[in-house]
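Those protein sequence lines, which keep their order, are chains V and Y. Quick note: the first sequence, position 17, residue 16 per the working numbering, numbers continuous. Quick note: the second sequence, position 49, residue 48 per the working numbering, numbers continuous.
Simulated from the structure, these hints should not be mistaken for laboratory data. Errors might be hidden in some of the hints.
Since the list gives no way to pick one copy over another, a pair counts as held whenever it fits inside one copy or between any two copies.
Pairs of lysine to any residue residues, derived as SDA-like cross-links and limited to a Cα-Cα distance of at most 20 Å, are as follows [as the list claims (entries may be wrong)]:
1. K90 <-> A355
2. K14 <-> A69
3. K397 <-> T278
4. K90 <-> D354
5. K397 <-> D367
6. K337 <-> R50
There are 2 protein chains.
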Amino acid sequence: MPVGLSEITTLVPVKGIRWGVASAGIKAADRNDLALMEIELGSSLAAVYTRNAFCAAPVVLARQHGAAAATRFLLINSGNANAGTGEVGLKASFDSCAAVAELTDCQPEAVLPFSTGVIGELLPVDRIRVSLPEAYANLDEQGWEAAARAIMTTDLVAKGVSKQLHINGETVTITGIAKGSGMIKPDMATMLAFLATDAKIDQGLLQQMFEDAVNHSFNSITVDGDTSTNDACVLVATGQVDAALESESDPGFAEFSAALIEVCQILAQAIVRDGEGATKFITIDVKGGRDVAECRQVAYTVAHSPLVKTAFFASDPNWGRILAAVGRAGLEELAVEKITIHIGDVCIVRGGGRDAAYTETAGQTVMDQEEITITIDLGRGDAEAQIWTTDLSYDYVKINAEYRT
Amino acid sequence: MPVGLSEITTLVPVKGIRWGVASAGIKAADRNDLALMEIELGSSLAAVYTRNAFCAAPVVLARQHGAAAATRFLLINSGNANAGTGEVGLKASFDSCAAVAELTDCQPEAVLPFSTGVIGELLPVDRIRVSLPEAYANLDEQGWEAAARAIMTTDLVAKGVSKQLHINGETVTITGIAKGSGMIKPDMATMLAFLATDAKIDQGLLQQMFEDAVNHSFNSITVDGDTSTNDACVLVATGQVDAALESESDPGFAEFSAALIEVCQILAQAIVRDGEGATKFITIDVKGGRDVAECRQVAYTVAHSPLVKTAFFASDPNWGRILAAVGRAGLEELAVEKITIHIGDVCIVRGGGRDAAYTETAGQTVMDQEEITITIDLGRGDAEAQIWTTDLSYDYVKINAEYRT
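Make the full structure from the sequences, and use the hints.
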């Protein structure tokens, strides 16, 4: 059961973007597994891809195509990740782009491919080619929700959000969809997110803003510490509304940046809330660090500790496990007596050990909640970082032990 | 059920070392939880302690005492880790050393304290003081096995081993015991190991040899990636046998080093085999790296991946998860096409993807075994590293979610 996550409500269309979907029979016979995004001419596009050295064929190709030509289409399939497939996989991915190009009269390089699903199996290009005309025929500005459903794999809930703001008196829309329910599942890869805005944003600035937003959202979540071979996020700015951003000093820049981060965070958190076997949604807030890097290091050490995660699953206020995880995070010259740790508003660690005023009853009250914040103040600087994660449950083991069998 | 681990057979006494045990009622009313090691005058001692910044009171004190005086006694209790207990905990630990000193007429600084058990509760010094005379009275060269049992916490099997070799025509013995059944459990901390030899070894050389052996054994295992607040290993050389080592060029140095590493590895592997919920014993062998550090980085990334661990629990030859873990280990300039990965003697990854000759049947045959080696050749150097780990099972979650409830 996803933690505090409900079905998509209304997604606001973005002028200049149309989505079409179809079933190519890759995921299951009766479910849409193909999504085609058409992008208006003159748009700019920013993208962030997985850093996994074993990145999948579509990631290799999407990077190449994005650099070679203006993008007109995104082609996404679920059910097959086309990862670990070598040269043959690259050709399959290119052929699927070529099929879009032929149908729509553009270059193959104007198409970026994305795949999510089982690893190590060849992408069935023929079935994609046969189903593409259907997706093309139903291209629609209202197609966001259908696309959100078509890209799902083991997700229990479709994920999407819209936000509007005003720049120069114009209403600007940001809409995004995402899929993923483990930070990685290499054989049911991956995390994908597709966002668009109708503002007009210079490509360099768009990439910079998007990277910043991704760092504060998709790159600040973890279910199991793994990074998939297929992770990708894309943001398109169609420029169909008379609101332009060219530099950081433009009016509206700060507001747009904040809105973009908010949209990315809602989508990223939705992935965690739908995390495999998740029963808790945990925010880890590390403050008082010398720099952001060490705050993230502590936050991830706590978030990845199986002992901390199983304690949260058990709603056990096991402060010793949190303390020990902070202590082994590898920070130089860490003065443990300056560290304070809270769960919710209850102080658990102060002065190098358990807070004198701590009671199990107070700790238990916090741990019984479904959404819990751990706040760690390192007491040695002004930097901070926030990440989001889940607990580790029987169901996580079950889902991941039994997935292929 | 421990994986391939049987009860201790015969432990060979080490001249100059005597062990006594007693029940102080810390762990359970009817079980020995106190072990006292008496060390003959003129021995040298090497020690390696946890790097966790939140190290427990006994670790702080053992470090201080070891530096201040020649060690005559090790005092170990199970059932209480005396961790996260602040100044009061330090005093409790010192008082327990003072109790030994008073009983045996030595300085408190000649006693090193070690504690393992529940975190955050005060050490019951009075009960230790009352039980010490019993432990002192039954000091015995044959006491190794009783000590191995007294230091157990959630261990299912007592762990100990002896090895003999010849230096200068003399028979030299190395005997060691260990406890631990998770790399850490901060509320049932920890990994402890106590070894002794009757060879005569210069203190500086002993520390150097022991650190090397610990790196190749206790620091090369992981159950859940956590490092406890109480981890400690000690090696005593009593010099009671006419076989001396003063430098690396001494005859016998190489052989003794190898034997010490072997003893440490057997004990370290026993901890993994008895790992919480373990159903598999996994060796991860990384070769062809530029240096040992990057080999260990890859090995630990694979060993800590919950996805890899759950796949092993399911006996699922899920090569994609191993490949993805290698890919995200963070190595610069990693050329994936040069990497080969085997499970057992079956090649699973070659040339950037699944090996062309790989079959699920061959993979399944390896995965059905209880002891499995993953060999990863990075193809870019001559360095190698080996670590040992377990799978991630329902029982791991059960043990760690339910421990305190």
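So, going through the hints one by one against the coordinates:
For the homomeric pair K90 and A355, the shortest alpha-carbon distance between copies (17 Å) is at most 20 Å, but the shortest distance inside one copy (64 Å) is not. Proximity of K14 to A69 under the C-alpha cut-off of 20 Å is restricted to the intra-copy arrangement: shortest distance 18 Å within a copy versus 79 Å between copies. For a Cα distance limit of 20 Å, the shortest separation of K397 from T278 qualifies both inside one copy, at 14 Å, and across copies, at 15 Å. Only between protomers do K90 and D354 lie at most 20 Å apart by alpha-carbon distance; the minimum there is 18 Å, versus 60 Å within a single protomer.
Taking CA atoms no more than 20 Å apart as the test, K397 paired with D367 passes between copies only; the shortest distance there is 18 Å, against 23 Å inside one copy. For a Cα distance limit of 20 Å, the shortest separation of K337 from R50 across copies, 18 Å, qualifies, whereas the shortest one inside one copy, 35 Å, does not.
Checked against the numbered hints given earlier, this structure breaks none of them.
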